[in-house]
Amino acid sequence: MKKSNLLLICLLIMIIITLFSQLGFAEGNSDRCKRCHDEIKENWEESTHEARGIDCLSCHQTNMKVQQPKEQLCISCHSADSKQTKEKTRMPQQEMVKGTGGFGIKESAPSLMYASGVACIDCHMPKEHDHIFEIDTNEDEPVACISCHTGFQLNDMQRQIDRWQKETNNLMKKVEKLLKEKKVLRNRKLYQRAEFNYKFIKQDGSEGVHNPEYTQELLEVTYQMLKKL
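Position in the sequence shown counted from 1, then plus 8, gives you my numbering.
These are calculated hints, taken from the structure and not from any lab test. Only a predicted model underlies this, so the values are computations on that prediction, with no experimental measurement involved. Any given hint might turn out to be false.
Pairs of lysine-lysine residues, derived as DSSO-like cross-links and limited to a Cα-Cα distance of at most 30 angstroms, are as follows [claimed, not checked]:
hint, residue 1, residue 2
1, Lys210, Lys188
2, Lys197, Lys181
3, Lys42, Lys106
4, Lys114, Lys42
5, Lys181, Lys191
6, Lys174, Lys114
7, Lys73, Lys42
8, Lys106, Lys185
9, Lys185, Lys207
10, Lys174, Lys73
11, Lys181, Lys114
12, Lys197, Lys207
13, Lys236, Lys210
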């Protein structure tokens, strides 16, 4: 057999082996990743992403690098106009942190965190990048807030979060009550805009924490919309 033919055969064999070794990745299958990354596998399986069918290749390339810069990675799905998610309900976290998307507020009102260049994973995956994506304010591991806000006590940060969420939930209840009372007017444009704002805040899921000022202003505006009906 000629040397050139032998080299060609070896090259073809290498290509076939490579293709088969990457088959799991090409099909968007995370099983190959989980064989080695045991710790990530364990906490990933506790996450909402796993429950919704998101796999490793939704965020990572086959070489483990992320698909996009960290500023863009999460918002490729967590956006009101995202086509990536299969969910009927959109996830408007991008619009929320930018302070846009709701009816009744003319100027954008970005959150202080967004304006400072803080990305989603800076809070949801601090330091250890554990892939659960929950913000942990546990005293034994106060990394989510205190890793940046070094001048504050953990209890102070938690109290502030609790305050934002309590104020948001109280306003949400007031708006929800009026939405039910005015449902007979649901075909009116003003009602539809108020309902949109309510769902927008609910779908964000942070109960106001992603952008406290914008959330509360939008709820106040929404409440006044419904009072006019």
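Consistency of the hints with the structure:
1. A C-alpha spacing of about 16 angstroms is found between Lys210 and Lys188, which places the hinted pair at or below 30 angstroms, so the restraint holds.
2. Of the pairs offered as hints, the one joining Lys197 and Lys181 holds, with about 21 angstroms between alpha carbons and a cut-off of 30 angstroms not exceeded.
3. For the suggested pair Lys42 and Lys106, the alpha carbons sit about 35 angstroms apart, so the restraint of at most 30 angstroms is broken.
4. For the proposed pair Lys114 and Lys42, the alpha carbon gap of about 47 angstroms is over 30 angstroms, so the pair is violated.
5. Between the alpha carbons of Lys181 and Lys191 the distance comes to roughly 15 angstroms, so the proposed pair stays at or under 30 angstroms and holds.
6. Note on Lys174 and Lys114: the hinted pairing holds, with a Cα-Cα distance of about 26 angstroms set against a maximum of 30 angstroms.
7. Our distance criterion of 30 angstroms between C-alpha atoms is met by Lys73 and Lys42, whose separation comes to about 16 angstroms.
8. Distance restraint check for Lys106 and Lys185: the Cα-Cα separation of roughly 28 angstroms lies within the 30 angstroms cut-off, and the hinted pair is therefore satisfied.
9. Among the hinted pairs, Lys185 with Lys207 is consistent with the structure: their alpha-carbon atoms are about 14 angstroms apart, no more than 30 angstroms.
10. The straight-line distance between the Cα atoms of Lys174 and Lys73 is roughly 39 angstroms, outside the 30 angstroms bound, and the hint therefore fails.
11. Only pairs whose Cα atoms come within 30 angstroms are accepted, and Lys181 paired with Lys114 is accepted, the gap being roughly 24 angstroms.
12. Taking the CA atoms of Lys197 and Lys207, the gap is near 15 angstroms; set against the 30 angstroms cutoff, the hint holds.
13. For the proposed pair Lys236 and Lys210, the alpha carbon gap of about 22 angstroms is at most 30 angstroms, so the pair holds.
Hint check: violations occur at hints 3, 4 and 10; the rest are consistent with the structure.
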